[in-house]
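Below, each chain spelled out in residue letters.
Number of protein chains: 2
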Amino acid sequence: MENFSLAIHGGAGTILKSAMTDRKERRYHRALEASLKAGEKILSKGGSALDAVEAAVISMENSELFNAGKGSVFTHEGDHEMDASIMNGADRNAGAVAGVRRVKNPISLCREIMENCEHVFLIGEGAEHFAETRKLEMESKDYFSTDFRYEQLQKIRDTHQTLLDHSDHELKKFGTVGAVAKDVHGNLAAATSTGGITNKRYMRVGDTSIIGAGTYAENDICAVSSTGWGEYYIRAVAAYDVAAMMKYGDKSLDEAAHQLIHEVIPKMGGDGGLIAVDSNGKITMPFNTQGMYRGFVQSDGNSRTLIFK
Amino acid sequence: MENFSLAIHGGAGTILKSAMTDRKERRYHRALEASLKAGEKILSKGGSALDAVEAAVISMENSELFNAGKGSVFTHEGDHEMDASIMNGADRNAGAVAGVRRVKNPISLCREIMENCEHVFLIGEGAEHFAETRKLEMESKDYFSTDFRYEQLQKIRDTHQTLLDHSDHELKKFGTVGAVAKDVHGNLAAATSTGGITNKRYMRVGDTSIIGAGTYAENDICAVSSTGWGEYYIRAVAAYDVAAMMKYGDKSLDEAAHQLIHEVIPKMGGDGGLIAVDSNGKITMPFNTQGMYRGFVQSDGNSRTLIFK
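For the record, the sequence lines run as chains A and B. Anchor point for the first sequence: position 268 equals 268 in the working numbering, and the numbering is continuous, going up by one each time. Anchor point for the second sequence: position 229 equals 229 in the working numbering, and the numbering is continuous, going up by one each time.
In short, the hints are calculated from the structure, not lab data. Take these hints with a grain of salt, some might be off.
Any copy, or any two copies together, can satisfy a pair, since identical chains are not distinguished.
[Unchecked claim] Cut-off 20 Å, straight-line C-alpha distance, at most; resulting in silico cross-link-like pairs (EDC-like, lysine to aspartate or glutamate): (1) Lys267 to Asp220; (2) Lys247 to Glu151; (3) Lys247 to Glu263; (4) Lys141 to Asp250; (5) Lys104 to Asp142; (6) Lys104 to Glu125; (7) Lys267 to Glu118; (8) Lys267 to Glu77; (9) Lys37 to Glu132; (10) Lys141 to Glu151; (11) Lys251 to Asp79.
Chain A on its own, in the form it takes in the complex (with noise of 0.2 Å):
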């Protein structure tokens, strides 16, 4: 039996250790726990890489803390449009959405799409109708929103701002959960989710959505999830670019990432992180920003997470 690895991010931004108290600490970081602890469940007894993600991303997406599933920051119009991906390494399958309102578990619909349906990227009320056809759990708006994540609207809801251009440190953080893996028998898989970003109109869309961008999976080379300033990575084709400079320029895992996050997103006038494993069950997790949410497991025993520098 081979090693098995999981790291996983609940969005990386500009997280101050003066902005946050104990109490809110000590809860993200156990929030942080239990996803880990979800898919270490299924890696420790042989399970997949991809059942593995999939589990750490449930788990945040359930979680309040996080943007993504409950807990998503509002549009413009007061609504919640999420948008996920997942993709397996062994036969680079995927399965993606973008703006969807009222499925509880937008990864697990990307599970569904990538297994179930001929396609592989579906949006809006088309996913929606799909993931009712698969007996997905629906929920309504009030599940998804939060008194936190409505105040945060308030505050920037008649500016023509989004959380992308203000000086709210606060409210400067890229909120994304997502989940990288390797199981003991070798495979990766990659899975991202998210709410997006506050007051967003138009309905926009992001790297989460973007096989390439926000997830990335491929048997020996890497698994790849990305959390950042979406528009820069999808223009860097950011989780790919991270497996290409592997797959044809010879760099290890740790030079491809550290080349990405802090050579060709600041370049291009981004910032975010990465979390990413190798087919050798190595981990990465850099980023350029003050802050990012993440942990990781391995079956060595060695485990943490980590919010700051």
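Add chain B to chain A, keeping to what the hints say.
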């Protein structure tokens, strides 16, 4: 002044000589020539690659012969949902839309998003709402509908098949249009537009909307526009894979495009083609199907339109 190059495609697939009348063939050649002329007019006066690819694609969107803009295929519900994207090699800026129903020229909406919106990717009614704020030309459903496409829908509507899995040769064609260009200033650009696949459901989106899959441009590397079985092109991150092989693997444009179209995509089970231009103005147009509507024009006067192998 450097040289300029423009290449265009109008879709790849089972395009059989035996199923094509001389008259029909001439119509396609004329439409391809009109598209080349629209782009060449701009490039020969020192205009930008970006303006040229937009003009070339608009010409094909406005022709009912191609599956993009006017003449888009019908969805299962009898509607039209169009996808498109554009990318500027100079700064890797980009704009993309999916699932728009009322915008006359989806490629121009992509350009507006790229230049006048803080986001890159807008979908559905949100994208249409943005189009209206930018005063883009909107059309009713009747404008996009053609008898030929309606007959195609009737042939497969009551099956669960889409254009992707049927035996009717005439239907097995990946209707997409696209253009890539290098201008005399050394800038590259790419643009792609489609009505998707006949009988599609659940608001399926293919690779045409995806920066990195359907469209990619980066100065000093290449510009790529894909046409093929979109699900495979998304999973292969097709357009960026060509660029990555050149950037990190020191492959030539021909070698990289050949590897993608004749090795990577068929190995996964997909098929299709692409057009690409590199920073020297060299053009490649590989496909692994029976035909691809295509053409090119270069500043040395070399120009041609082709359909079959």
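Consistency of the hints with the structure:
1. Lys267 to Asp220: between (29 Å within a copy, 16 Å between copies)
2. Lys247 to Glu151: neither (45 Å within a copy, 45 Å between copies)
3. Lys247 to Glu263: both (19 Å within a copy, 16 Å between copies)
4. Lys141 to Asp250: Neither way: Lys141 and Asp250 sit 47 Å apart in one copy and 51 Å across, limit 20 Å.
5. Lys104 to Asp142: Result: close within a single copy only, 11 Å intra versus 37 Å inter.
6. Lys104 to Glu125: Answer is within: at 14 Å inside a copy they meet the 20 Å cutoff, but 23 Å across does not.
7. Lys267 to Glu118: Only across copies: Lys267 and Glu118 sit 18 Å apart there, 38 Å inside one copy, limit 20 Å.
8. Lys267 to Glu77: neither (33 Å within a copy, 45 Å between copies)
9. Lys37 to Glu132: Close neither inside one copy (29 Å) nor across copies (48 Å); limit 20 Å.
10. Lys141 to Glu151: Cα proximity of Lys141 and Glu151: one copy only (16 Å, versus 40 Å across).
11. Lys251 to Asp79: Classified as neither: same-chain Cα gap 42 Å, cross-chain 47 Å, threshold 20 Å.
In terms of the numbered hints stated before, the structure departs from hints 2, 4, 8, 9, 11, listed from lowest to highest.
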